[in-house]
Amino acid sequence: MRTAVRRHAPSPLPVLLFLAVLLFSAGLAAGWAGASAIQPAARRNLGAPKPVPAPVQTAPPEPPPTASPVPPADKPAPAGEDWPLLLVNGEHPLPEGFPGPELTQLKNGHAVDSRAYPALQRMMDDCRAAGLQPVICSSWRSWDTQERLFAAEVEHWLARGYIRQEAEEQAARWVARPGASEHQTGLAVDIVDLSYQLLDEGQEDTPVQRWLMAHCVEYGFILRYPTDKGAVTGVGYEPWHYRYVGEAARAILAGGLCLEEYLGA
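Numbers 49 to 313, taken from the working numbering, label the letters of the sequence shown in order.
Hints were generated in silico from the structure; no laboratory data involved. Any given hint could turn out to be false.
[Said to hold, decoys possible] Restraint ranges, calculated between C-beta atoms of paired labels, are given here:
1) Q181 / P147: 28 to 36 angstroms
2) Q213 / A299: 15 to 23 angstroms
3) W131 / G304: 21 to 29 angstroms
Think of the CB as a built atom: it goes at the ideal place given N, C-alpha and C, for glycine as much as any other residue.
Using the sequences provided together with the hints, build the complete structure.
Following this line, the structure appears as structure tokens:
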């Protein structure tokens, strides 16, 4: 039996390989051309200066707040009394709605009545010129500050076993009730020696207090609460509390008086 011989069809693989080589070559050529076009631009971008952002616009800083001037009280002065002789104590509190003085700001947050400021500044300058170091530790006080200080003093006496009424009476001998403090007028300052800043009777022995007690009248000030006038003033001895009374200072000192006695109150 004769065996039939089959003819195999030619394989398409060589043709496919040839086409693939052609396509790859064409793509490679296109890539080189694209890279040639992009690279110069990239080099230009790298060499270009970077843009500088515009500065942020901010508002200028606001100045620190300052106390607004307060107009002086419009209460008419009693006969024979002018503003330096305003009497404020437990029996003569500030009038209701008292607006407070026009203030001049001092260092360290202190302030005084602007009308008493020049005399106070001269006194402090002359004290320093004498080689001493006076320090103002208290000056004008707001109503809220005086209220807080008085409440703290009451608590001190309550802690010592006093009932509230007695504690308030004792507290009032050392810290005035709100409305009854000269510090609220801006005419009083507490001054201590830098080397001794305790508010006790030892203050009277410091060089600053010896100078002030001898010279304060020259500037219109008096030691407001002398050691022997507590029964009249209602306040214990304070060898650091000075009050501006103007021209009346010399007469008060010469007569051995306190302000209540001078005013006949």
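Comparing the hints with the structure gives:
For Q181 paired with P147, a C-beta distance near 35 angstroms keeps the hint of 28 to 36 angstroms intact. Look at Q213 against A299: about 38 angstroms separates their beta carbons, and that is not inside 15 to 23 angstroms. A C-beta distance of roughly 24 angstroms is found between W131 and G304, which places it inside the suggested range of 21 to 29 angstroms.
Checked against the numbered hints above, the structure violates only hint 2.
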